[in-house]
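Could you slot chain Y onto chain G? The hints should help.
There are 2 protein chains.
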Amino acid sequence: MSGPTVQPGSSVPGTAPPGVAVANARADRYLRAARRQPVDVTPVWFMRQAGRSLPEFRAVRRTASLMDITRDPALCAEVTLQPVRRLGVDAAILFADITTPLAGLGVAFDIRPGVGPVIERPIRAPADVGALRPFDVGAVDPLLEAIRLVRAEIPVPLIGFAGAPFTMACYLVEGGPSREFLRTRTLMRAEPATWAALMDRLVAMTVEYLSAQVAAGAQAVQLFDSWVGGLGPRDYERDVAPWMRRLFDALIPLGVPTTHFGVDTAGLLTLQAAAGGDVIGLDWRVTLTDGWRLVGDRAVQGNLDPSLLLGPFSEVADTTRWILDQAAGRPGHVFNLGHGVLPDTDPDDLRRLVDLVHDHPKPGSGP
Amino acid sequence: MSGPTVQPGSSVPGTAPPGVAVANARADRYLRAARRQPVDVTPVWFMRQAGRSLPEFRAVRRTASLMDITRDPALCAEVTLQPVRRLGVDAAILFADITTPLAGLGVAFDIRPGVGPVIERPIRAPADVGALRPFDVGAVDPLLEAIRLVRAEIPVPLIGFAGAPFTMACYLVEGGPSREFLRTRTLMRAEPATWAALMDRLVAMTVEYLSAQVAAGAQAVQLFDSWVGGLGPRDYERDVAPWMRRLFDALIPLGVPTTHFGVDTAGLLTLQAAAGGDVIGLDWRVTLTDGWRLVGDRAVQGNLDPSLLLGPFSEVADTTRWILDQAAGRPGHVFNLGHGVLPDTDPDDLRRLVDLVHDHPKPGSGP
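Line order of the protein sequences matches chains G and Y. Be aware that the first sequence starts at 1, since it is given in the numbering used here, and climbs by one per residue. Be aware that the second sequence starts at 1, since it is given in the numbering used here, and climbs by one per residue.
Treat the hints as calculated values from the structure; they're not laboratory data. Predicted model, so just to flag it, every value in this text is computed and none were measured. Glycine included, C-beta positions come from ideal geometry on N, C-alpha and C. Any given hint could be a false lead.
Derived list of chain Y stretches under chain G, where covered just means 3 residues or more per stretch with a C-beta under 8 angstroms from a C-beta of chain G [said to hold, decoys possible]: (1) 29–42; (2) 177–187; (3) 266–274; (4) 314–323.
Some chain G residues well away from chain Y (every beta-carbon gap over 12 angstroms; in silico) [unchecked claim]: (5) R35; (6) D305; (7) G338; (8) H358.
Chain G with its partners taken away, still in its complex shape (with noise of 0.2 angstroms):
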C-alpha cells in the first residue's frame, strides 16, 4: 500500500533545480499521477473549473450563449485557458457542454438558461434510435480546434471529455432536466432491445468523439457519468457496466489515461473499476479511504465537496489536510472536487486551495 512518492535520484521532476522544477512538474504530475508515479506534488484541477465562477467567463458570456462558445475555437480555447491561467490548476479540461456531440448524431436540442439540455425529439422506441445519424465528427469540428489551440500554448496537460453513455441516454430519452431519470430506468427494463441499440450507438459515438479529441491533442480523457448514482448495482451490472467495459477497451489504443467519474457511486464504485478506467472518480459521500478501498488498483480522483466553499475557508483547509492524508504514501491521486464548481464559489478561494494542496507535505518526498 505505501511506497516512495519520489524515487532518489529519479528523473522525476521534483528532484530537479528548483526554478525548473515547477515548470516542469506542472507540466506533467497529473499525467504522472493518473498513471500512478511519484510525483513532486499532489496534482490539482476541478471539474467545471472553467465557467460561471470566474468573472472572465462571465464577461464572455454577456456576448455569447454556450452554444456560441462551443462553436467558436478562439473563444472556446479562450474559456479553457482561463482557469490554468488564474487558479494555477495542474490541467485544462476542454471547455464543451456535455450534449455537443449530439448534434453529430443529427439529434435538436437547445441549451435553455436555468434549464439546462432540452431534446426536440426525446428518443423513446427503436425507431427513434434507428432515426440517429451515424456520428458525424465534423460536427465538433470548433472543439477539435480549439483542442489544438490551447496546446499551443499551455502550459498543463489538456483532459478532453465525454458524457458517458448510461448519462447521455438519460439526457436522449428523459428530453428535458429529471431529478430520478424514470423512463430512462423504465426503458432500459422495459425495452431492452431499444436500449442495447441505444447504448451501442452511443458507445460508437464516444470512441469516435475521444478518438478525435485525442488525435487533436487531447492527453488524457475523462467520462462523465454524472447520473449514474441513481442506479443499483444489479441495473448497472447488467445494463451499464458491459457497454462502459466495451467503451473503455476501445481508448485503450488511444495510450492516454482515462478517468471514469460518476457521483452518488458509493456502491457502484467497485464494478465502475471492473468496468474500466485508469483512475476512478470519488464523490465526496465516500471517505477517500473507502473509495480507494474500493476500486482497488487504480488511481483516484477527488473529492471535496463542492459546497464547502460556499462556507468559511478554514473548513475548506480541513476538509483538504484530512482527504491529503487519507492519500499520503500512495502515489496515484489526483486532487479534486466531489463534483463541479458551483457557481458562487469565489475564485480566490479556487487560488487559495490550489496553493493548499501543492504545499501540503507528502511523506517520503524529504525536506
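Chain Y alone, transformed into the frame defined by chain G:
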C-alpha cells in the same frame, strides 16, 4: 452469519397450527424481524404505501388536502389503513407529512401541490432559532387520535415516524424545494452555534413527538433522514451524528424498535448505525449484502429500487428474489423499497410483490 430462522419448538407464530398462524404471524413478524428474532416469512411494508398510488386515496384527496387529512383523525386513520387492507402488508405507518410537527414550534408553512412544503420565514440566523416556540405537542393531537383509532382495528403493528433533525433543518433553512440544500450545508459550517441551537431544538421536538406517538399506541418508530445523503462522512460525523445519537438514546426508554432510514447513504451507513437505530434502512444503491456488512450487528430494511415497479413485473420479481436470497439464513430483514412508492405505481403490482415476499422460501424454515 447463518442461523435458524425459526427455532424448533419455540413459540414463534409460524410453528402454530396453520389457520391461527397466518393471523398471528402477520400481527408481529415486523416487530420480531426488527428485533432480529426468527420469523415465519420476511415481513414487508412500503414507505409511502398510503398515498397517490391508491385509487381510494385519490378519492379522499378529491375533497381533502394533505393538511386536511392530518387534521382529521378519522380521515387520517382511514388513509393509514387503506394500504393494510389492499396490499396485505405487515405494518401500517401513520399518515402524516414530515413537516406536520413544525406547527408545534409555531412555524408557519404551507404544503403546495407540485412544490412541497414552503416555510413562510426560513431559519437562517440565531434570532430565527430563538423565535421558535417550545414544542406544543397539542398541535399534533389529531395525529395522536388517529393512532388510537388505527390501533383499535388494525391487524398489524403501527409504525410512528418523524423526520430526522438534519432533514427537518433542511426544510427550515431552505424554506422551499432544494436539490442540494446548499444553504443548510453552508449554515452548518459557517454558523456552528446557530446550527447547534437549531439541532438541539429539533432533537427535543422529535423526542417529544415520537414519545407522544408511542404513548398513543405506535408500536415502532422510524426516523426519516431523507436528505442526509448529500453530506460527506466528515460533515455527518461532526454535525449530524451527535444529534442522532442523543435522539436515539432518548428513544430507548420508549421500548419500541427504532428504524434509522436515509437515502443515498452508501458512504454513511457505518456512521448512521453507530449513531443509533435497531433497524438501518438501505436504499437501492447498495447491495443488501454490502449494506448489511457496513451496519454490522443490526436489522436492515430494504431495498428494492421503487422505479422497478414502473416496468415489467418480471424484473421486480427477479430483483426481489435476489434481495431475499442475500438475506437468507440471517434474522433481521424487513423487506421494503429503497425509498417511497412512486405515484405511478400500480397497486396490483404492490400486492403481487407482498405475496412474492411472503411466498419466498426461507432456508431453515422447513418444508
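*Sort out which numbered hints this structure fails and list those numbers smallest first.*
1, 6 and 7
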